[in-house]
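J.: With the hints as extra help, turn the sequences into a complete structure.
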Amino acid sequence: DSGVTQTPKHLITATGQRVTLRCSPRSGDLSVYWYQQSLDQGLQFLIQYYNGEERAKGNILERFSAQQFPDLHSELNLSSLELGDSALYFCASSVVLAGVETQYFGPGTRLLVL
Amino acid sequence: ELKVEQNPLFLSMQEGKNYTIYCNYSTTSDRLYWYRQDPGKSLESLFVLLSNGAVKQEGRLMASLDTKARLSTLHITAAVHDLSATYFCAVDDGSEKLVFGKGTKLTVNP
Numbered sequence: 001d002s003g004v005t006q007t008p009k010h011l012i013t014a015t016g017q018r019v020t021l022r023c024s025p026r027s028g029d030l031s032v033y034w035y036q037q038s039l040d041q042g043l044q045f046l047i048q049y050y051n052g053e054e055r056a057k058g059n060i061l062e063r064f065s066a067q068q069f070p071d072l073h074s075e076l077n078l079s080s081l082e083l084g085d086s087a088l089y090f091c092a093s094s095v096v097l098a099g100v101e102t103q104y105f106g107p108g109t110r111l112l113v114l
Numbered sequence: 001e002l003k004v005e006q007n008p009l010f011l012s013m014q015e016g017k018n019y020t021i022y023c024n025y026s027t028t029s030d031r032l033y034w035y036r037q038d039p040g041k042s043l044e045s046l047f048v049l050l051s052n053g054a055v056k057q058e059g060r061l062m063a064s065l066d067t068k069a070r071l072s073t074l075h076i077t078a079a080v081h082d083l084s085a086t087y088f089c090a091v092d093d094g095s096e097k098l099v100f101g102k103g104t105k106l107t108v109n110p
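Residue numbers (this note's numbering), protein chains in the order written: chain X, 1 to 114; chain L, 1 to 110.
Derived from the structure by calculation, the hints contain no laboratory data.
This structure is a prediction, so every number in the text was calculated from the model and none was measured.
In this text, a Cβ means the ideal position worked out from N, Cα and C, and glycines have one as well.
Incorrect hints may appear among the rest.
[Said to hold, decoys possible] Result set (BS3-like, lysine-lysine): computed pairs, CA atoms no more than 27 Å apart in a straight line:
| id | chain 1 | residue 1 | chain 2 | residue 2 |
| --- | --- | --- | --- | --- |
| 1 | X | 57 | L | 56 |
| 2 | L | 3 | L | 17 |
| 3 | X | 57 | L | 97 |
| 4 | L | 56 | X | 9 |
| 5 | X | 9 | L | 68 |
[Said to hold, decoys possible] Okay, the calculated bits of chain X under chain L, using three or more residues with CB under 8 Å as the criterion:
| id | stretch |
| --- | --- |
| 6 | 38–46 |
| 7 | 51–65 |
| 8 | 97–109 |
[Claimed, not checked] A partial selection of chain X residues facing chain L, derived with a Cβ cut-off under 10 Å:
| id | residue |
| --- | --- |
| 9 | 2 |
| 10 | 4 |
| 11 | 6 |
| 12 | 8 |
| 13 | 31 |
| 14 | 35 |
| 15 | 69 |
| 16 | 88 |
| 17 | 90 |
| 18 | 94 |
T.: Pasting the structure below:
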């Protein structure tokens, strides 16, 4: 158990809908990262937040948005869903020890768009 | 744009054998990570490699980094069934983003 929690574990929805994925980082970790894992694209970095502020952006679609709240939990919002958005969505939080950053991944949310 | 290539993508090996997984990356980076993922599970951090010539070992796994060749290897010694998983390397692109390889699915057969 990495200490990162994600809800829900599974989500089934229809095209055109909107969903919200939630992530709670490990206690004390300020950074949250979101990743998408799909069979065709592999693991892709979406976005990073640090202490409430957006820090880095990757291959995140305009239909997707995220935020990090004052209590450091984060939400990833996916809207106008398409079949191709079906994937496993991970969040990770990170800690820097002796100058080395390590990311700890949550269990993921498996999204199925029908 | 940083690209990360792993090979092989699939590896089937017998228990007790040794093998190496390779991770090549296209641009300079000072951080390389190895992760393990079991089917349907999350990613578990294995190693962080920071400098040229870095070598880290944990049990039957040993990872090394050659920043000049832009190559990292994950060596498996005397494989056991419990090592069956998918192994990913990931490279920091210098802006706190990790770029992942496609993963190597390792199956260790009795």
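J.: Now, for every hint given, state plainly whether the structure supports it.
T.: Against the structure, the hints come out as follows:
| no. | hint | result |
| --- | --- | --- |
| 1 | X:57 with L:56 | violated, 30 Å |
| 2 | L:3 with L:17 | violated, 30 Å |
| 3 | X:57 with L:97 | holds, 8 Å |
| 4 | L:56 with X:9 | violated, 33 Å |
| 5 | X:9 with L:68 | violated, 41 Å |
| 6 | 38–46 | holds (count 4) |
| 7 | 51–65 | holds (count 3) |
| 8 | 97–109 | holds (count 9) |
| 9 | 2 | holds, 7 Å |
| 10 | 4 | holds, 8 Å |
| 11 | 6 | holds, 9 Å |
| 12 | 8 | violated, 15 Å |
| 13 | 31 | holds, 8 Å |
| 14 | 35 | holds, 8 Å |
| 15 | 69 | violated, 20 Å |
| 16 | 88 | holds, 9 Å |
| 17 | 90 | holds, 6 Å |
| 18 | 94 | holds, 9 Å |
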